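Q: Construct all of the structure, not just a fragment, from the sequences and the given hints.
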Amino acid sequence: MKKVVTVQDVRVDTRRVSAAVAAAGLSSFALLYAPQPVLPQLARAYGLDPGSASLAIGVATTALAVAVLPLAWAAGAVGRRRVILWSVLVAALIGLSLPLAPSFPVLLALRAVQGVAVAGFAGVGAAYLADVLGTARLPTAVGAMIAGNSVGGMLGRLGAGFATGPLGWHGALLAVAAVALACATFTALTLPREPRATTTPERDPLHPALPREPRTAQALAERGGAVGARRVGPRGGSRPRLGAAIVTPILVGGLGMGAFVALYNAAAFRLSAPPLDLSPAAASLVFLSYAMGTLTSAAAGRLAARLGRTPAVVTALAVTVAGSVLTAHPSLPVIVLGFAVLTAGFFAAHAVANAWATAEAPPAARGRAAGLYTLCYYLGSGVGGTVGGIVYGHAGWSWLVGLTSAWLLLAALAVLVARRRPVRVAEATG
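Just so we're aligned, residue 1 is where the sequence shown starts under our numbering, counting upward by one.
Read the hints as simulated data drawn from the structure, not as lab findings.
Nothing here was measured: the structure is a model prediction, and the numbers come from that model.
Be a bit skeptical, because a hint or two may be false.
Stated by the list, open to error - Here are the simulated distance ranges between beta carbons:
id, residue 1, residue 2, range
1, Val334, Gly76, 30 to 36 Å
2, Arg302, His394, 40 to 46 Å
3, Pro333, Gly76, 45 to 51 Å
All C-beta atoms in this analysis are idealised placements derived from N, C-alpha and C, irrespective of residue type, glycine included.
A: Now the structure itself:
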């Protein structure tokens with residue numbers, strides 16, 4: 001009897017993987033959202049309205065969305081680890097050049113390049129974890145990755161907000177970029193290579209007359225196998241299709257992220273304007289709410305495993321709506337509470353939806369599924385954040401809350417409708 005060597009048989013240091021990916025997420029998302037707390041300063045420096053200033057975020061996230069699928073495809077050819085390393089290093093170097101931009105259009109151009117660089121990590125991170133750790137631990141691993149991303153987003157915003165007072169917005173962005181470069185260097189030194197497992201015929205101990213099914217993504221791809229549908233085609237057959245099952249989690253990611261970024265883009269303007277009149281450092285404290293996202297995203301995978309995906313996502317979206325409504329209150333403590341609640345709800349929904357989209361895909365198509373999810377997620381960020389800035393600038397915070405709540409409720413409705421979709425026998429047995 002010949003031995004099967006699978007991804008699960010390869011000894012991988014889980015702590016090393018987690019630390020390296022967490023550092024990559026911290027670097028990437030600190031850079032991506034560092035301009036958010038200094039949007040009012042950018043608006044004053046360049047004579048912009050809130051909607052125009054929010055392009056500093058929207059251009060980067062839209063560029064990320066456009067680049068994520070090509071980079072996910074490239075990762076399949078050159079290796080996901082290599083793409084992640086180039087992503088974090090180039091993004092950090094672009095971050096160091098942002099304070100040198102002579103004009104707002106040049107700054108936007110640099111932000112677009114930076115968004116393309118961040119797309120490398122954002123688009124293939126989940127697929128890389130699936131390759132290294134296997135699908136059994138994927139929801140928890142993705143939740144941990146998103147927790148690291150949220151820490152990066154929080155620290156980048158807080159660092160920029162606190163540094164703006166003594167250093168100005170130029171020095172604030174430079175300080176964040178320096179920390180991001182240190183994290184990117186750590187990732188480059190510690191991120192392990194993907195295991196290259198091979199499969200040879202072996203008898204299944206439960207059914208000795210039948211050969212064991214191949215366990216690696218490569219072997220399944222060669223045989224045309226598809227997780228869930230259990231379709232096995234001839235060797236060299238057509239590429240596995242993603243199917244309609246991933247549409248719902250992708251919609252949740254896009255609409256949820258659009259609402260989330262729209263509220264946070266406008267938060268600095270609202271908190272620094274009368275009657276609150278907070279300083280940049282004090283206003284940036286609202287980003288401490290990301291700590292709630294770190295906790296809930298890490299726990300979301302276990303919650304979904306216990307309750308099911310539909311109840312977990314719908315509950316998380318309802319919590320996000322409740323938190324956004326609380327932010328419409330005039331009292332500062334209630335506003336802060338609202339941001340904490342909506343952040344907790346959003347990151348829980350995002351963690352489950354991200355793992356949902358990846359798990360629904362055949363192993364050979366995980367990279368494409370992760371790329372499609374990330375594309376819609378950051379398109380939601382770019383479009384939703386810019387539209388939210390325009391609505392806030394022209395109609396105020398209450399209208400912005402109403403618009404974002406409608407997006408979140410639409411996402412919840414899509415999840416409930418998907419639950420009623422007839423399940424094919426092959427899917428049920430899969």
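Q: Next, verify each hint and record whether it holds.
A: Cross-check of the supplied hints:
1. Val334 - Gly76: 30 to 36 Å: The hint (30 to 36 Å, Cβ to Cβ) is violated, given that Val334 and Gly76 are roughly 48 Å apart.
2. Arg302 - His394: 40 to 46 Å: holds (42 Å)
3. Pro333 - Gly76: 45 to 51 Å: With Cβ atoms ~49 Å apart, the hint holds.
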